[in-house]
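Protein chains in written order, with the numbering used here: chain G, 16 to 232; chain W, 16 to 232.
If you're looking for bench data, these hints aren't it; they were derived computationally from the structure.
Each pair may be met inside one copy or between any two copies, as identical chains are not told apart.
Below 30 angstroms or equal to it, Euclidean Cα-Cα: the simulated DSSO-like pairs (lysine-lysine) are:
id	residue 1	residue 2
1	K59	K69
2	K163	K104
3	K108	K163
4	K108	K232
5	K69	K232
6	K232	K59
2 protein chains.
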Amino acid sequence: MARNKHPEETVNLILDTAFRLFLQNGYERTSIQDIVDNLGGLSKGAIYHHFKSKEDILAAVTDRMTRESNQMLLDIRDRADLTGQEKLKLIFKTALDRPVQDQLFMIAPEFSRNPQMLYAVLRETIDDAAPHYIQPIIEQGIADGSIKTDCPAELAELIMLAANIWMNPLMFNSTVEQSRRKFMLFRQMTRGFGLDILDDSLMDRLSDLAQLYQDHK
Amino acid sequence: MARNKHPEETVNLILDTAFRLFLQNGYERTSIQDIVDNLGGLSKGAIYHHFKSKEDILAAVTDRMTRESNQMLLDIRDRADLTGQEKLKLIFKTALDRPVQDQLFMIAPEFSRNPQMLYAVLRETIDDAAPHYIQPIIEQGIADGSIKTDCPAELAELIMLAANIWMNPLMFNSTVEQSRRKFMLFRQMTRGFGLDILDDSLMDRLSDLAQLYQDHK
Numbered sequence: 016m017a018r019n020k021h022p023e024e025t026v027n028l029i030l031d032t033a034f035r036l037f038l039q040n041g042y043e044r045t046s047i048q049d050i051v052d053n054l055g056g057l058s059k060g061a062i063y064h065h066f067k068s069k070e071d072i073l074a075a076v077t078d079r080m081t082r083e084s085n086q087m088l089l090d091i092r093d094r095a096d097l098t099g100q101e102k103l104k105l106i107f108k109t110a111l112d113r114p115v116q117d118q119l120f121m122i123a124p125e126f127s128r129n130p131q132m133l134y135a136v137l138r139e140t141i142d143d144a145a146p147h148y149i150q151p152i153i154e155q156g157i158a159d160g161s162i163k164t165d166c167p168a169e170l171a172e173l174i175m176l177a178a179n180i181w182m183n184p185l186m187f188n189s190t191v192e193q194s195r196r197k198f199m200l201f202r203q204m205t206r207g208f209g210l211d212i213l214d215d216s217l218m219d220r221l222s223d224l225a226q227l228y229q230d231h232k
Numbered sequence: 016m017a018r019n020k021h022p023e024e025t026v027n028l029i030l031d032t033a034f035r036l037f038l039q040n041g042y043e044r045t046s047i048q049d050i051v052d053n054l055g056g057l058s059k060g061a062i063y064h065h066f067k068s069k070e071d072i073l074a075a076v077t078d079r080m081t082r083e084s085n086q087m088l089l090d091i092r093d094r095a096d097l098t099g100q101e102k103l104k105l106i107f108k109t110a111l112d113r114p115v116q117d118q119l120f121m122i123a124p125e126f127s128r129n130p131q132m133l134y135a136v137l138r139e140t141i142d143d144a145a146p147h148y149i150q151p152i153i154e155q156g157i158a159d160g161s162i163k164t165d166c167p168a169e170l171a172e173l174i175m176l177a178a179n180i181w182m183n184p185l186m187f188n189s190t191v192e193q194s195r196r197k198f199m200l201f202r203q204m205t206r207g208f209g210l211d212i213l214d215d216s217l218m219d220r221l222s223d224l225a226q227l228y229q230d231h232k
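Isolated chain G, as found in the complex (with noise of 0.2 angstroms):
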């Protein structure tokens, strides 16, 4: 069979196909047989060959969508010529900039209300950003002055958690109103950190973002 020999391009054709008919009908409203239907003649149990569930392709195009955009914040976090402080503005800036995002809330999944998929992004957030990017940063920062903490680790874990679930829109369903409420606080809480590194441009773009997923879910 096709799928053993190329086993990527099977995976690639799942992904392609199950990224268009999210975004064309959200993640919720399609079913696995959804994609089934439109894999050209591939087989339910091909996709499960590859595949535990809907969610984890979920997973897998989200992985996919923000690879490229990832690298991004790798350069950000790697420059010469910024302060620790300056690189947590630009890396908040960019990340919620990026394009990726626009079709993330479009796609729409309900996290609210799916413990693994919320507790993938929970996981991500302590193992991998927050100690990988964030936290070099503020180290940095302490370095050349413009941070000041005794606690990086823990100062990168909160932050990105309230960041990256309590403030995002997808993750706990938010209202426009609620998300700029949120993004208030959340400013006022870095503020009490010593950070100014949100600007009312990044409120805008976080009522956008809230307003595309009311639209879509």
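Following the hints, put chain W in place on chain G, whose structure we already have.
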């Protein structure tokens, strides 16, 4: 069958037995079969008639443990002799000091590895603790001038997510040292919101609970 005549007695017997075994051997090392073996002839089917899973039993055990002490929190919320800020301070102290906390940390369930259990705590925090205990107190604080914020609902959520989940050694498997650093950051965060509600004795209590968890998990 007796369990049909007196279902609440059966449920209590299951919960008493599970609680005793959880405390003795830890949650992770207790199986449903262990509970059956200690029920004096009650069948596994009788357990599954009342509970879907071991996690379900744990949820019922902890509900029963915390129901009584939650009444204390309600009483604090409704007192007429304290400002909103004083109530927040008292509620954190009371919640941490409850003897039931020691039992919970000795039972030592590994929330950090269990999506369903972590999700249940997250939902309880967002759907119950924040809106029913903390938000009304913050609103009292705004009215009496002891708390300043434009976003009482969101402030309640952010504080409770940080306290109940991120700072809780049970949820994130934190060491004593990590717990102390998280406490210091959490205090800095609440001070940034104009709240002076956490004193050093709470940090020591949190360390003791973290140690209890590390000893029993």
